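Protein chains: 2
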Amino acid sequence: MSATPTVVTACMIVIGNEILSGRTQDKNMAYIATRLNEIGVRLAEARVVSDDQDAIVAAVNETRARYDYVFTSGGIGPTHDDITADAIAAAFGVGIDFNPEAVAILEAHYEPGMLNEARMRMTRIPFGAALVDNPVSKAPGFRLENVYVFAGVPSIMQAMFEGIRHELVGGAPMLTLTIASYLPEGALAGPLGQLQEEFPGIEMGSYPFYRTSKFGTSVVLRGTEQANLDAAGERLRQIVRELGQEPIEESDI
Amino acid sequence: MSATPTVVTACMIVIGNEILSGRTQDKNMAYIATRLNEIGVRLAEARVVSDDQDAIVAAVNETRARYDYVFTSGGIGPTHDDITADAIAAAFGVGIDFNPEAVAILEAHYEPGMLNEARMRMTRIPFGAALVDNPVSKAPGFRLENVYVFAGVPSIMQAMFEGIRHELVGGAPMLTLTIASYLPEGALAGPLGQLQEEFPGIEMGSYPFYRTSKFGTSVVLRGTEQANLDAAGERLRQIVRELGQEPIEESDI
Numbered sequence: 049m050s051a052t053p054t055v056v057t058a059c060m061i062v063i064g065n066e067i068l069s070g071r072t073q074d075k076n077m078a079y080i081a082t083r084l085n086e087i088g089v090r091l092a093e094a095r096v097v098s099d100d101q102d103a104i105v106a107a108v109n110e111t112r113a114r115y116d117y118v119f120t121s122g123g124i125g126p127t128h129d130d131i132t133a134d135a136i137a138a139a140f141g142v143g144i145d146f147n148p149e150a151v152a153i154l155e156a157h158y159e160p161g162m163l164n165e166a167r168m169r170m171t172r173i174p175f176g177a178a179l180v181d182n183p184v185s186k187a188p189g190f191r192l193e194n195v196y197v198f199a200g201v202p203s204i205m206q207a208m209f210e211g212i213r214h215e216l217v218g219g220a221p222m223l224t225l226t227i228a229s230y231l232p233e234g235a236l237a238g239p240l241g242q243l244q245e246e247f248p249g250i251e252m253g254s255y256p257f258y259r260t261s262k263f264g265t266s267v268v269l270r271g272t273e274q275a276n277l278d279a280a281g282e283r284l285r286q287i288v289r290e291l292g293q294e295p296i297e298e299s300d301i
Numbered sequence: 049m050s051a052t053p054t055v056v057t058a059c060m061i062v063i064g065n066e067i068l069s070g071r072t073q074d075k076n077m078a079y080i081a082t083r084l085n086e087i088g089v090r091l092a093e094a095r096v097v098s099d100d101q102d103a104i105v106a107a108v109n110e111t112r113a114r115y116d117y118v119f120t121s122g123g124i125g126p127t128h129d130d131i132t133a134d135a136i137a138a139a140f141g142v143g144i145d146f147n148p149e150a151v152a153i154l155e156a157h158y159e160p161g162m163l164n165e166a167r168m169r170m171t172r173i174p175f176g177a178a179l180v181d182n183p184v185s186k187a188p189g190f191r192l193e194n195v196y197v198f199a200g201v202p203s204i205m206q207a208m209f210e211g212i213r214h215e216l217v218g219g220a221p222m223l224t225l226t227i228a229s230y231l232p233e234g235a236l237a238g239p240l241g242q243l244q245e246e247f248p249g250i251e252m253g254s255y256p257f258y259r260t261s262k263f264g265t266s267v268v269l270r271g272t273e274q275a276n277l278d279a280a281g282e283r284l285r286q287i288v289r290e291l292g293q294e295p296i297e298e299s300d301i
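Chain order of the listed sequences is P and C.
In short: position in the first sequence from 1, add 48, done, that's the working numbering.
In short: position in the second sequence from 1, add 48, done, that's the working numbering.
Because the hints were derived from the structure by calculation, they are not lab data.
Being a predicted model, the structure only gives us computed values, none of them experimental.
One should not assume that every hint holds.
As the list claims (entries may be wrong) - With beta-carbon atoms standing in for the labels, derived distance ranges: (1) 194(C) <-> 258(P): 26 to 36 Å; (2) 193(P) <-> 142(C): 36 to 46 Å; (3) 156(P) <-> 260(C): 19 to 29 Å; (4) 217(C) <-> 275(P): 49 to 59 Å; (5) 181(P) <-> 286(C): 30 to 40 Å; (6) 258(P) <-> 294(C): 40 to 50 Å.
Said to hold, decoys possible - Non-contacting residues of chain P with respect to chain C, defined by C-beta distances greater than 12 Å in every case (computed): (7) 140; (8) 183; (9) 193; (10) 217; (11) 278.
Yeah, the Cβ is synthetic: ideal placement off N, Cα and C, and Gly gets one too.
With the sequences and hints as input, model every part of the structure.
What follows is the structure, given as C-alpha cells:
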C-alpha cells in the first residue's frame with residue numbers, strides 16, 4: 049500500500065431520552081455515517097446521551113477535542129426538555145440569548161400571534177455560533193467551531209446536514225467491496241486473517257448470516273485505493289473457491 | 049412526590065465498524081433499553097465504538113466507573129477483527145487465555161476436526177471472568193465485575209441477555225403513559241412546561257409527528273409511581289382539551 053491518506057474523523061452525539069428508553073429507534077446515525085463515507089470523513093464514534101445538561105456537556109467536550117467534526121441531533125425544539133442549545137453554550141463556556149437572525153426567520157414563518165414564548169426558545173443560540181438552515185420547519189440549527197447542532201426529526205436532520213455538507217473537508221472517499229459466501233465464519237477466519245496481513249491498508253470486516261437454512265459470511269473490504277481494493281477482492285474470491293464455495297458478489301446478495 | 053427511589057443505571061457499548069460505516073443498523077440498543085426498563089434499570093448512555101482496542105478500552109473504563117452495569121455487544125467471533133475479549137482484558141489490566149470451560153463447550157459442539165484455530169479464539173476469556181451462556185451458537189460471552197460482554201448478532205445477544213437477566217438488581221420499574229394530540233409541539237410547549245413543574249417526579253418528553261397531513265405531538269410521561277403518573281396524565285388530557293383538541297390515548301395511536 050502507498051502513503052496513508054489523512055484520516056478525517058467525526059463523532060455523532062444523539063441526544064434524547066426517547067432513544068435510550070427504547071421508544072424510538074435512531075435513524076440519524078446510519079444516515080450521517082453513509083453520507084460522511086462518501087466525502088472521506090470517517091464516523092469514528094457515536095454516543096447516545098439523555099436530555100441532561102451534564103451528560104451533553106461531557107459528551108461534547110470529550111469528543112470535540114478528539115475528532116475533526118462532531119454532529120449532534122435532537123433537543124432543539126420548543127419544549128422544556130429541549131436543552132441542547134443551553135448545554136452547548138455551557139460546554140463552550142459562552143453565553144446564549146435570542147439570536148436576531150433566528151428571530152427574523154421565525155417571525156417571517158409564523159402567522160402573527162403564533163410565535164409564542166415556547167417557539168421563541170428555538171431562537172436562543174449560543175454566542176459566536178453560525179446558523180444552520182432548516183428548510184423543513186424553519187427553526188435553525190447552528191455550528192460552533194467544529195460542532196454542528198441539528199434537529200432530531202430525521203427529515204429535518206437530513207436537510208440540515210445536506211445544507212452544510214459542502215463545508216466539510218474530507219480525506220479520500222472510502223471505497224467498499226463486499227464478497228459473501230456460504231462458508232461459516234469459523235471456516236473463513238484463518239485465511240481471512242492471512243489476507244489482512246497481506247493487505248494492511250484494507251480494512252476487513254466479516255459478518256455472519258443465516259439464510260435459506262444455510263450459514264454464510266459477508267466480508268466487507270474497505271479502502272481508499274481502488275486498485276488495492278480490487279486486488280484484495282480477487283484474492284478473497286480465490287480463498288472462497290479454495291474452500292469449495294463460490295463467491296457471491298455484492299450485487300447478488 | 050414521595051421519596052426518590054434509587055436509580056440503577058446502565059450503559060450499552062456497541063462494538064463494530066459495521067454500525068459506524070452505516071452498513072448495519074444496530075438493533076441491540078433498543079432491545080436492551082426496553083428490557084432494562086421492565087426491571088427498573090435505566091439505560092443512561094450508549095456508545096458505538098470501532099473495532100479498535102484503544103477505543104474499546106477507553107469506552108469501557110469511562111463507563112464502568114460511571115454506571116452500575118455496562119453491556120457490550122459485538123467483536124467476540126472467530127475472525128481477526130474480533131478483538132473485544134482482548135480489549136476487555138486490557139481495560140481491566142488482567143491476563144487472557146483459553147478458558148477450559150469454554151473449550152469444553154466448543155469441543156462438545158463441533159464435529160471432530162472442526163474446532164480450528166480461528167474457532168478456538170472464541171474460547172479466549174479474560175482471567176477472573178464468569179462465562180455467559182450462548183444457547184444459539186455455543187461460543188460464550190462473559191462477565192467481568194459489572195461489565196457483561198455479549199455477541200453482536202441480535203438473536204445471540206438477546207439470548208445471552210435473557211440468560212443473565214435474573215442477576216441484575218434493578219430499582220422500581222419505570223412506568224410509561226403516552227398521550228398524543230393533533231396540537232403542534234409549539235402550542236403545547238408552554239402548558240407542558242408548567243405541568244413538569246407541578247410533577248417534578250415525572251419525566252416528560254414530547255415528540256412531534258406528522259400524520260394524515262396534520263401536525264401532532266406525542267407526550268410520553270415516565271415515572272415509578274402509578275398514582276402520580278395517572279394524576280399527571282389526567283392533567284395533560286385536561287390541557288389538551290383546553291387547547292381545543294381531544295387527547296388520543298396510547299392504544300389509539
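Pairwise beta carbon distance, residue 181(P) to residue 286(C), judged against the given window 30 to 40 Å: holds, 38 Å
Verdict for residue 156(P), residue 260(C) (Cβ pair) under range 19 to 29 Å: At roughly 28 Å between Cβ atoms, residue 260(C) and residue 156(P) fall inside 19 to 29 Å, so the hint holds.
Least C-beta distance between residue 183(P) and chain C, which was stated to exceed 12 Å: holds, 15 Å
Range agreement (Cβ of residue 294(C) with Cβ of residue 258(P), hint 40 to 50 Å): holds, 47 Å
Distance restraint hint 49 to 59 Å, applied to the beta-carbon atoms of residue 217(C) and residue 275(P): Roughly 56 Å apart at Cβ, these two residues keep to the hinted range, so it holds.
Check on residue 278(P) being off the interface with chain C, judged by Cβ distance over 12 Å: About 19 Å separates residue 278(P) from the closest Cβ of chain C, which puts it past 12 Å; holds.
Assertion that residue 140(P) lies outside the chain C interface [Cβ separation over 12 Å]: holds, 21 Å
Distance rule for residue 217(P), whose beta carbon must clear each one in chain C by more than 12 Å: Residue 217(P) clear of chain C: closest Cβ-Cβ about 20 Å, beyond 12 Å.
Pairwise beta carbon distance, residue 193(P) to residue 142(C), judged against the given window 36 to 46 Å: Holds, since residue 193(P) and residue 142(C) (Cβ atoms, about 40 Å apart) stay within the stated range.
Reported absence of residue 193(P) from the contact zone with chain C (all CB gaps over 12 Å): holds, 22 Å
26 to 36 Å as the expected CB spacing between residue 258(P) and residue 194(C), which holds or is violated: Holds - the Cβ-Cβ distance for residue 194(C) and residue 258(P), about 32 Å, lies within 26 to 36 Å.
Going through the hint list in order, the structure satisfies each hint without exception.
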